[in-house]
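Take the given structure of chain A and dock chains B, C and D to it, following the hints.
Residue numbers (my numbering), protein chains in the order written: chain A, 1 to 250; chain B, 1 to 250; chain C, 1 to 250; chain D, 1 to 250.
In short, the hints are calculated from the structure, not lab data.
Ranges of calculated distance between the beta carbons of each label pair, as one might list FRET restraints:
| id | chain 1 | residue 1 | chain 2 | residue 2 | range |
| --- | --- | --- | --- | --- | --- |
| 1 | D | E127 | A | E220 | 54 to 62 Å |
| 2 | A | S200 | D | E127 | 50 to 58 Å |
| 3 | C | H207 | B | R175 | 54 to 62 Å |
| 4 | B | M1 | A | K76 | 43 to 51 Å |
| 5 | D | R175 | C | E227 | 23 to 31 Å |
| 6 | B | L69 | C | K154 | 23 to 31 Å |
| 7 | D | L69 | B | E227 | 48 to 56 Å |
Under the rule of at most 20 Å between Cα atoms (straight-line distance), these lysine to aspartate or glutamate pairs were calculated in the DMTMM-like manner:
| id | chain 1 | residue 1 | chain 2 | residue 2 |
| --- | --- | --- | --- | --- |
| 8 | A | K154 | D | D62 |
| 9 | B | K111 | A | E6 |
| 10 | B | K177 | A | E61 |
| 11 | D | K64 | A | E143 |
| 12 | C | K64 | D | E146 |
| 13 | B | K177 | A | D62 |
| 14 | C | K177 | B | E6 |
| 15 | A | K177 | D | E6 |
| 16 | D | K177 | D | E146 |
| 17 | B | K111 | B | E71 |
| 18 | C | K177 | B | E47 |
| 19 | C | K116 | B | E6 |
| 20 | B | K14 | B | D83 |
| 21 | C | K64 | D | D141 |
| 22 | B | K64 | C | D141 |
| 23 | D | K177 | C | E61 |
| 24 | D | K64 | A | E146 |
From the three backbone atoms N, C-alpha and C, an ideal C-beta is built for every residue, glycine too.
Residue strings, one per chain:
Number of protein chains: 4
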Amino acid sequence: MVCLVEMYEKPSLKDPVLIEGLPGIGFVANIAALHLIHELQAKRFAEIHSSTFQDLAVTTEDGKTRSPLNELYYCKGRDGERDIIIWYGNTQALTTAGQYELCGRVLDIAKELGCKYVITLGGFRQEEIRGPPQIYCAASDRETVERILGLGTKIMVGQIFGIAGIMVGLARLRRMKSFSLLVDTLGTYPDADATRSVLSVLSRFLHMSIGLTRLNSAAEETKRILESFGLIRNVVEEKKREEQQFRWFI
Amino acid sequence: MVCLVEMYEKPSLKDPVLIEGLPGIGFVANIAALHLIHELQAKRFAEIHSSTFQDLAVTTEDGKTRSPLNELYYCKGRDGERDIIIWYGNTQALTTAGQYELCGRVLDIAKELGCKYVITLGGFRQEEIRGPPQIYCAASDRETVERILGLGTKIMVGQIFGIAGIMVGLARLRRMKSFSLLVDTLGTYPDADATRSVLSVLSRFLHMSIGLTRLNSAAEETKRILESFGLIRNVVEEKKREEQQFRWFI
Amino acid sequence: MVCLVEMYEKPSLKDPVLIEGLPGIGFVANIAALHLIHELQAKRFAEIHSSTFQDLAVTTEDGKTRSPLNELYYCKGRDGERDIIIWYGNTQALTTAGQYELCGRVLDIAKELGCKYVITLGGFRQEEIRGPPQIYCAASDRETVERILGLGTKIMVGQIFGIAGIMVGLARLRRMKSFSLLVDTLGTYPDADATRSVLSVLSRFLHMSIGLTRLNSAAEETKRILESFGLIRNVVEEKKREEQQFRWFI
Amino acid sequence: MVCLVEMYEKPSLKDPVLIEGLPGIGFVANIAALHLIHELQAKRFAEIHSSTFQDLAVTTEDGKTRSPLNELYYCKGRDGERDIIIWYGNTQALTTAGQYELCGRVLDIAKELGCKYVITLGGFRQEEIRGPPQIYCAASDRETVERILGLGTKIMVGQIFGIAGIMVGLARLRRMKSFSLLVDTLGTYPDADATRSVLSVLSRFLHMSIGLTRLNSAAEETKRILESFGLIRNVVEEKKREEQQFRWFI
Numbered sequence: 001m002v003c004l005v006e007m008y009e010k011p012s013l014k015d016p017v018l019i020e021g022l023p024g025i026g027f028v029a030n031i032a033a034l035h036l037i038h039e040l041q042a043k044r045f046a047e048i049h050s051s052t053f054q055d056l057a058v059t060t061e062d063g064k065t066r067s068p069l070n071e072l073y074y075c076k077g078r079d080g081e082r083d084i085i086i087w088y089g090n091t092q093a094l095t096t097a098g099q100y101e102l103c104g105r106v107l108d109i110a111k112e113l114g115c116k117y118v119i120t121l122g123g124f125r126q127e128e129i130r131g132p133p134q135i136y137c138a139a140s141d142r143e144t145v146e147r148i149l150g151l152g153t154k155i156m157v158g159q160i161f162g163i164a165g166i167m168v169g170l171a172r173l174r175r176m177k178s179f180s181l182l183v184d185t186l187g188t189y190p191d192a193d194a195t196r197s198v199l200s201v202l203s204r205f206l207h208m209s210i211g212l213t214r215l216n217s218a219a220e221e222t223k224r225i226l227e228s229f230g231l232i233r234n235v236v237e238e239k240k241r242e243e244q245q246f247r248w249f250i
Numbered sequence: 001m002v003c004l005v006e007m008y009e010k011p012s013l014k015d016p017v018l019i020e021g022l023p024g025i026g027f028v029a030n031i032a033a034l035h036l037i038h039e040l041q042a043k044r045f046a047e048i049h050s051s052t053f054q055d056l057a058v059t060t061e062d063g064k065t066r067s068p069l070n071e072l073y074y075c076k077g078r079d080g081e082r083d084i085i086i087w088y089g090n091t092q093a094l095t096t097a098g099q100y101e102l103c104g105r106v107l108d109i110a111k112e113l114g115c116k117y118v119i120t121l122g123g124f125r126q127e128e129i130r131g132p133p134q135i136y137c138a139a140s141d142r143e144t145v146e147r148i149l150g151l152g153t154k155i156m157v158g159q160i161f162g163i164a165g166i167m168v169g170l171a172r173l174r175r176m177k178s179f180s181l182l183v184d185t186l187g188t189y190p191d192a193d194a195t196r197s198v199l200s201v202l203s204r205f206l207h208m209s210i211g212l213t214r215l216n217s218a219a220e221e222t223k224r225i226l227e228s229f230g231l232i233r234n235v236v237e238e239k240k241r242e243e244q245q246f247r248w249f250i
Numbered sequence: 001m002v003c004l005v006e007m008y009e010k011p012s013l014k015d016p017v018l019i020e021g022l023p024g025i026g027f028v029a030n031i032a033a034l035h036l037i038h039e040l041q042a043k044r045f046a047e048i049h050s051s052t053f054q055d056l057a058v059t060t061e062d063g064k065t066r067s068p069l070n071e072l073y074y075c076k077g078r079d080g081e082r083d084i085i086i087w088y089g090n091t092q093a094l095t096t097a098g099q100y101e102l103c104g105r106v107l108d109i110a111k112e113l114g115c116k117y118v119i120t121l122g123g124f125r126q127e128e129i130r131g132p133p134q135i136y137c138a139a140s141d142r143e144t145v146e147r148i149l150g151l152g153t154k155i156m157v158g159q160i161f162g163i164a165g166i167m168v169g170l171a172r173l174r175r176m177k178s179f180s181l182l183v184d185t186l187g188t189y190p191d192a193d194a195t196r197s198v199l200s201v202l203s204r205f206l207h208m209s210i211g212l213t214r215l216n217s218a219a220e221e222t223k224r225i226l227e228s229f230g231l232i233r234n235v236v237e238e239k240k241r242e243e244q245q246f247r248w249f250i
Numbered sequence: 001m002v003c004l005v006e007m008y009e010k011p012s013l014k015d016p017v018l019i020e021g022l023p024g025i026g027f028v029a030n031i032a033a034l035h036l037i038h039e040l041q042a043k044r045f046a047e048i049h050s051s052t053f054q055d056l057a058v059t060t061e062d063g064k065t066r067s068p069l070n071e072l073y074y075c076k077g078r079d080g081e082r083d084i085i086i087w088y089g090n091t092q093a094l095t096t097a098g099q100y101e102l103c104g105r106v107l108d109i110a111k112e113l114g115c116k117y118v119i120t121l122g123g124f125r126q127e128e129i130r131g132p133p134q135i136y137c138a139a140s141d142r143e144t145v146e147r148i149l150g151l152g153t154k155i156m157v158g159q160i161f162g163i164a165g166i167m168v169g170l171a172r173l174r175r176m177k178s179f180s181l182l183v184d185t186l187g188t189y190p191d192a193d194a195t196r197s198v199l200s201v202l203s204r205f206l207h208m209s210i211g212l213t214r215l216n217s218a219a220e221e222t223k224r225i226l227e228s229f230g231l232i233r234n235v236v237e238e239k240k241r242e243e244q245q246f247r248w249f250i
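Excised from the complex, chain A in its bound form (with noise of 0.2 Å):
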């Protein structure tokens, strides 16, 4: 199956942008796109399931069950506002193949909807972080890098990982511009300080005002539904990756 994707409705949208908010490093991302479902009430049109995902299921308080999943949502925009697309989820794909696919198939059903332009959001790993955390980008173009650099952001220097890092590729493959924007963090916990900084960049970039008082309550849920899938975890898995990646090399 790989991906098992099931569209509930298919909105109408103009010229929407994809806002993609998976966990990640810092879970930044995560975060804020959980944020901006609460804040601009974005309703779920999609839902994707992907044989790459983990395979268990977790449980709620009630009794219910939950399962690693990637959802769809939109928002018109109000007063002349840009249209919006939220990639949301509980989970990356576990393998890099996965990965591709997923990403694919999301970029597919966002231009099938008009999207021309896709934002993703991370977090950028310090060892330390001294004052307000710094906002960095990176993009599929210069006219769009010298713009986001006009919000207050510096240039990103290094590798964006996941999801974040492969939209850029797979997106200009289907004629769609991209930025990235990464913010200080020390990457272990859900953490609101630095979503908060990227969300203003963000709401600035779209002129659009977001609300951010609620915001901390966005990070304990986040905090609370990825603990429940064990995502939540101290350990660097960034050597492990490395170790793992480079089989045919040297």
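Frame of chain A; chains B, C and D shown alone:
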């Protein structure tokens, strides 16, 4: 190939319940399914091979061979009892993707036979068991939760691994309801006592009388079969499992 | 791609027997197949590449290259002997799924050529061999078991790994009968003696006289080929194998 | 998806030679390909993404992103020189199956453009290099071997890993001839000297004059790109490679 399904017969069933009974923690589901097949004189109607099963065969005492295999059985309810489909096998799939594929294939077959309800059984590993083993439940919807709680079970808190776990989400995608019964077990041997407790709840749910005198022989047979495939071992693999899965994370 | 099959010729055969001869324990099947190809002057009619073979080539003394490969040969029986298909190769697949796929493809070809009977050969690893090596058998059905026991073999007790093991189940799905001949071997080098014993039973089964004087040179050639691919090694991999396979378990 | 190919142009070529230049031992092929693209002012006509590449992006100094990618370039021969297709990229595939798939796709494209001849380049790792590096060859057929030996090379003895290795077999299946040029290298850094030696043989084979003055800058650029992807490292991965591959064996 992934899954190769050979259907001997397409039984005509009325609103059947699918009961999953593959090897897992405490081998509870596997013993229960084998016992039900014996007691209900269920009839085999399909066999499933998967390229994600082990690549070996084992020999039987009379010189014949036995392959890693899943099977589907049915029995027509007597005196107004419900029709039942039993999913039995000597293995689960060895990969996450294989688990999803296998589960999806079986659910597709069950749905085509009119099934709208799925039950999974399993063990809930404990370090120590004092007194009679407790039964826990988790379900797709609040109504089912209430119904199963009424049979003397508690709400399950935690993760449900493997096929039993992914059944929930994949069943929901096919508009099927489902619940899991999990029972305290040490988990390291085929646990006839734990199975007896689960079957007693199950028989009340199905309004069906299930004789339990021959349960020990089903446990013995389960032990023999799974030992021949090298599937009964003392090693706790959960830690390894965790280590393998979170490649994309942090 | 998984498997890429190139058929040079579609031979017209009458009720042929398929004999599997890939590298495995003691390299018994591999030596036997190579020897049969030489002795029976079998003709190559198909070559199979798989994306689950090693990703390398080896060089030969004259500067040419040799790829990981499986091949199918046939020979028409003389004087009422049966037609034979020989499945030869310098490797098995590297993944479980690859093994199933490869096996399925070869069985499909064999079935299309009228084959209803499959023979696999292999070594049965022993710590120590005293006296002439014993031959063991396992078969798809009781009648075949009796027939092979009548040739001086014993009933095999244990697991049959790899292609030889999965052939049984996949052949049965295609309504083909099958049996395995396994022979005592230390398993760590190309064992010409063990191969000689197996071929002697096989020739009686096939009512076919197979010269054995040149068997040692087939063993030598097998050694040379497999060493060039790095496939002859002392390491016991079985433990690792176990560790890798049971991800879903306990 | 496995491979996603975007062709910008379908060039009209006459009997072109395909030259493979992906990162590998000593980065010889990768430097050579980049240098050829520069020197011959080759034109990019296709880009290939694969779900078996790394799931990340890297940033460039000006804030743009770079994805794991393979590309195809062509240049039309001047003054009777042969047309050339150059296969360049910043990565090989991360899995064996991915390597086969990638290679098959590129060969299919090359064949459709009239290619009947494939050249792969690579390093031959040595513990120590004394004097000018020796060039070794291996080829699909005896005639080609002789021709390449005539250019001052020796016969390669050993294994050719990765894409360079599997090209041979997959090219042969498509009725294409091929040869490999391998050169002594320590293998742990982008080796401009080794590349220079290989290019000198290649230019004689192609009867083409290739300027080498700017080769060092191609080596520098290769180093920068591969370092950004984390692909230049000191670790000897070959042992790990062996350990991973022989799951089915002994």
